[in-house]
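> Please build the complete structure, drawing on both the sequences and the hints.
Number of protein chains: 2
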Amino acid sequence: MARIVMKFGGTSVAGTERIRRVANIVRAQAAGGNQVAVVVSAMAGETDRLVNFCREANPLFDPAEYDVVVSSGEQVTAGLLALTLQSMGCRARSWLGWQVPVKTFANHANARVGDIEAAEMIAAMEGGQIAIIPGFQGVSDDGRITTMGRGGSDTSAVAVAAAVEADRCDIYTDVDGVYTTDPRIVARARKIKHIAFEEMLELASVGAKVLQTRSVSMAMKYNVRLQVLSSFVDESSPSADTLPGTMIVSEEEMGKLLEDGQVERQVVTGIAHDKNEARVVLTRVPDKPGAVAEIFGPLGDAGINVDMIIQNVGRDKGETDVTFTVPLSDLARTQAMLEDRKEKLGFNRVITDSKVAKISVVGMGMKSHAGVAATMFQALADRGINVQAISTSEIKVSVLIDEDETELAVRVLHTAYGLDAPDEAA
Amino acid sequence: MARIVMKFGGTSVAGTERIRRVANIVRAQAAGGNQVAVVVSAMAGETDRLVNFCREANPLFDPAEYDVVVSSGEQVTAGLLALTLQSMGCRARSWLGWQVPVKTFANHANARVGDIEAAEMIAAMEGGQIAIIPGFQGVSDDGRITTMGRGGSDTSAVAVAAAVEADRCDIYTDVDGVYTTDPRIVARARKIKHIAFEEMLELASVGAKVLQTRSVSMAMKYNVRLQVLSSFVDESSPSADTLPGTMIVSEEEMGKLLEDGQVERQVVTGIAHDKNEARVVLTRVPDKPGAVAEIFGPLGDAGINVDMIIQNVGRDKGETDVTFTVPLSDLARTQAMLEDRKEKLGFNRVITDSKVAKISVVGMGMKSHAGVAATMFQALADRGINVQAISTSEIKVSVLIDEDETELAVRVLHTAYGLDAPDEAA
Numbered sequence: 001m002a003r004i005v006m007k008f009g010g011t012s013v014a015g016t017e018r019i020r021r022v023a024n025i026v027r028a029q030a031a032g033g034n035q036v037a038v039v040v041s042a043m044a045g046e047t048d049r050l051v052n053f054c055r056e057a058n059p060l061f062d063p064a065e066y067d068v069v070v071s072s073g074e075q076v077t078a079g080l081l082a083l084t085l086q087s088m089g090c091r092a093r094s095w096l097g098w099q100v101p102v103k104t105f106a107n108h109a110n111a112r113v114g115d116i117e118a119a120e121m122i123a124a125m126e127g128g129q130i131a132i133i134p135g136f137q138g139v140s141d142d143g144r145i146t147t148m149g150r151g152g153s154d155t156s157a158v159a160v161a162a163a164v165e166a167d168r169c170d171i172y173t174d175v176d177g178v179y180t181t182d183p184r185i186v187a188r189a190r191k192i193k194h195i196a197f198e199e200m201l202e203l204a205s206v207g208a209k210v211l212q213t214r215s216v217s218m219a220m221k222y223n224v225r226l227q228v229l230s231s232f233v234d235e236s237s238p239s240a241d242t243l244p245g246t247m248i249v250s251e252e253e254m255g256k257l258l259e260d261g262q263v264e265r266q267v268v269t270g271i272a273h274d275k276n277e278a279r280v281v282l283t284r285v286p287d288k289p290g291a292v293a294e295i296f297g298p299l300g301d302a303g304i305n306v307d308m309i310i311q312n313v314g315r316d317k318g319e320t321d322v323t324f325t326v327p328l329s330d331l332a333r334t335q336a337m338l339e340d341r342k343e344k345l346g347f348n349r350v351i352t353d354s355k356v357a358k359i360s361v362v363g364m365g366m367k368s369h370a371g372v373a374a375t376m377f378q379a380l381a382d383r384g385i386n387v388q389a390i391s392t393s394e395i396k397v398s399v400l401i402d403e404d405e406t407e408l409a410v411r412v413l414h415t416a417y418g419l420d421a422p423d424e425a426a
Numbered sequence: 001m002a003r004i005v006m007k008f009g010g011t012s013v014a015g016t017e018r019i020r021r022v023a024n025i026v027r028a029q030a031a032g033g034n035q036v037a038v039v040v041s042a043m044a045g046e047t048d049r050l051v052n053f054c055r056e057a058n059p060l061f062d063p064a065e066y067d068v069v070v071s072s073g074e075q076v077t078a079g080l081l082a083l084t085l086q087s088m089g090c091r092a093r094s095w096l097g098w099q100v101p102v103k104t105f106a107n108h109a110n111a112r113v114g115d116i117e118a119a120e121m122i123a124a125m126e127g128g129q130i131a132i133i134p135g136f137q138g139v140s141d142d143g144r145i146t147t148m149g150r151g152g153s154d155t156s157a158v159a160v161a162a163a164v165e166a167d168r169c170d171i172y173t174d175v176d177g178v179y180t181t182d183p184r185i186v187a188r189a190r191k192i193k194h195i196a197f198e199e200m201l202e203l204a205s206v207g208a209k210v211l212q213t214r215s216v217s218m219a220m221k222y223n224v225r226l227q228v229l230s231s232f233v234d235e236s237s238p239s240a241d242t243l244p245g246t247m248i249v250s251e252e253e254m255g256k257l258l259e260d261g262q263v264e265r266q267v268v269t270g271i272a273h274d275k276n277e278a279r280v281v282l283t284r285v286p287d288k289p290g291a292v293a294e295i296f297g298p299l300g301d302a303g304i305n306v307d308m309i310i311q312n313v314g315r316d317k318g319e320t321d322v323t324f325t326v327p328l329s330d331l332a333r334t335q336a337m338l339e340d341r342k343e344k345l346g347f348n349r350v351i352t353d354s355k356v357a358k359i360s361v362v363g364m365g366m367k368s369h370a371g372v373a374a375t376m377f378q379a380l381a382d383r384g385i386n387v388q389a390i391s392t393s394e395i396k397v398s399v400l401i402d403e404d405e406t407e408l409a410v411r412v413l414h415t416a417y418g419l420d421a422p423d424e425a426a
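As they're listed, the protein sequences go chains A and B. The first sequence begins at 1 in this note's numbering and counts up one residue at a time. The second sequence begins at 1 in this note's numbering and counts up one residue at a time.
Derived by calculation from the structure, the hints in this document are not laboratory data. There could be a bad hint or two in this list.
Note that the list lumps identical chains together, so a pair holds whenever it fits in one copy or between two copies.
[Stated by the list, open to error] DMTMM-like mimics (lysine to aspartate or glutamate), calculated; alpha carbons at most 25 Å apart, straight line:
1) Lys191 x Glu264
2) Lys221 x Glu394
3) Lys317 x Glu343
4) Lys288 x Asp301
Quick caveat: nothing in here was measured; it's all calculated off a predicted structure.
Below, the structure written as structure tokens:
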């Protein structure tokens with residue numbers, strides 16, 4: 001017997017037929033004697049419909065009223081799932097954000113989860129009732145509905161799992177787990193059975209879209225075991241322990257699994273790519289103390305997330321080229337801010353390039369293995385792929401390359417680190 | 001300066017364009033220096049969509065979860081109207097049922113309004129903020145969402161008006177007032193400028209569909225001045241006192257208006273028709289004490305609303321025919337219940353007729369004028385219309401006739417009581 005939080009995304013609950021399929025999966029978990037809470041998204045397309053209404057009503061919308069409108073999508077799904085479970089003979093009820101309550105702070109439309117006082121809900125779960133919680137929504141200190149930003153239902157699920165001290169938080173989605181890389185690029189990509197929070201965070205932040213970064217860091221903080229799995233599997237089969245998803249666990253648990261031989265020791269766990277970055281080069285920046293701070297301080301203040309900073313020595317003495325990347329969506333704003341301050345900063349030109357891609361190799365194994373970066377550079381050089389910038393963390397090496405070479409680079413690296421699945425035909 | 005509650009139905013808020021029109025009407029009232037609360041329905045069609053989801057999820061739905069799902073329609077409209085008003089520079093916020101709170105009791109899906117503790121909302125209104133309240137919804141003692149049954153938004157509006165001690169409750173709808181009779185039948189029907197609660201109640205209960213009966217009786221109980229008017233009038237014109245709707249007021253206020261000569265003294269105020277009744281005849285019922293109670297007791301227990309009971313003396317001594325009407329939707333159930341108990345009741349046959357119509361003339365003037373019923377019977381007899389049953393109250397006379405003669409009877413009576421508008425061509 002375990003206490004489990006299950007989360008289903010928008011495509012899994014798009015319509016009453018799919019909600020019935022979800023209810024079957026939930027029922028199977030409850031029938032196994034588990035205490036179950038379910039977090040649901042709005043039906044696919046519904047949030048877009050509601051957001052459009054808000055835009056039509058008021059392009060500069062008040063986020064508090066926006067929250068009133070858009071939170072209704074999850075409310076509907078929660079009620080319908082409770083009704084469907086009841087039709088199957090299960091005891092179930094919905095718990096809206098303000099009923100649990102899921103207290104939030106900070107801004108409307110982008111609220112952060114605070115305290116979740118779930119005592120009443122836990123008591124109901126202990127009494128055998130399935131709890132259904134609309135994701136994405138909470139309640140502010142002054143008793144108004146809040147929402148957590150698009151995709152916030154993953155975060156809701158992890159927060160609820162932490163609050164009810166769940167043994168596991170299962171995130172059901174339209175893919176069946178986390179892969180060593182994008183299977184659309186590498187046919188031999190393998191599903192990862194176990195991955196550490198830190199690795200998942202690095203992968204999520206560089207373009208593996210399976211889970212929201214915020215939900216993974218919250219799971220790490222509260223040590224919630226996360227599982228990613230598909231809601232489109234055969235609904236008659238799932239038993240708690242044989243679900244064929246990806247389990248995301250703490251470094252400590254990962255260590256135990258390695259010791260027990262349940263996990264194969266890998267240096268690199270996964271390879272991610274991200275085409276949503278742009279490269280900016282400032283030429284002939286005066287090479288004096290504080291110059292770099294003067295460039296990046298204002299960008300940071302404007303909420304622009306600068307990554308991969310490199311300083312090249314320039315042709316002339318006392319001058320340097322500064323290269324960095326920013327999110328593609330912030331490129332125009334970045335360029336305008338730099339041009340405005342050109343005189344003050346004293347550089348010569350701004351050169352930008354949006355046709356770049358960031359390729360990252362991620363793995364806890366790097367902590368104890370040298371030569372991971374060298375392998376990467378060699379493998380890319382062997383195929384003539386030029387590296388424009390490099391950044392590293394304890395468990396990640398990222399390089400910036402020409403966007404056109406993205407797929408080639410991912411395939412080359414997937415092979416170089418021994419991640420390819422065995423040839424089935426062999 | 002006045003405190004006004006305005007209510008807009010589903011067709012008035014069907015889409016963001018129509019909500020903008022509503023916002024213009026609301027703004028005009030607020031700009032006149034009035035304190036304004038607005039009660040809104042769900043967009044036309046939305047509640048049906050949500051009810052269908054519930055039926056698909058669980059044909060025998062749990063009304064508590066049904067309420068979670070269907071209440072979302074009004075929530076969306078409330079948020080959108082607040083956003084639209086804000087886009088016009090008005091201060092506005094939504095107050096959901098659980099936020100006001102609108103406390104309710106009795107059953108989910110058919111809740112009754114209890115206390116409305118509106119102190120915080122009133123303070124906001126006094127501060128110049130327009131309050132937007134989703135109709136139809138409230139909150140139960142144990143903090144769950146409730147709804148008041150279809151069409152409950154009128155009742156919400158009157159309850160809110162009573163709670164905030166409004167000077168007036170304006171019900172905006174797709175017709176521009178209450179008429180002396182159905183204008184689709186009588187081209188010369190006139191809009192009634194003032195009508196008493198009691199008269200409106202009788203008209204509403206016999207088929208004039210402008211207002212919910214429950215909302216009128218609540219307005220009478222709390223002495224809330226009600227006005228019915230159209231939201232499809234020119235939005236630039238409405239000033240508080242020249243709105244061309246129908247005002248529904250207390251008998252006392254009506255008396256004053258009569259004394260001041262502001263209202264013309266009429267014996268009959270309006271004529272209603274209702275085709276949703278069916279006639280039932282039980283032949284040769286034993287004429288003994290308690291026989292009638294044995295017939296109607298069980299029907300009442302089953303929630304069947306029996307109307308217009310007549311006992312005819314039968315052909316044989318000691319026997320009688322009993323005629324009565326029931327709502328058409330209960331006819332099959334009534335017939336089955338009677339056949340089941342045929343032996344016990346001792347009657348000979350059940351004869352039913354669903355092709356009947358009830359025609360009612362209503363007017364406070366009947367209290368002081370004799371001969372109203374006689375005028376009715378004579379006018380109908382002159383045109384060869386056969387009266388099958390009669391029932392009367394202090395301010396109403398109803399007759400049951402052949403359904404095919406409905407329009408003829410309404411026209412004849414409208415003329416007979418001098419209600420026809422003057423001939424404009426004359």
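> Confirm or reject each hint.
A quick look at each hint next to the structure:
no. : hint            : result
1   : Lys191 x Glu264 : within (13 Å within a copy, 84 Å between copies)
2   : Lys221 x Glu394 : within (19 Å within a copy, 74 Å between copies)
3   : Lys317 x Glu343 : within (19 Å within a copy, 116 Å between copies)
4   : Lys288 x Asp301 : within (22 Å within a copy, 93 Å between copies)
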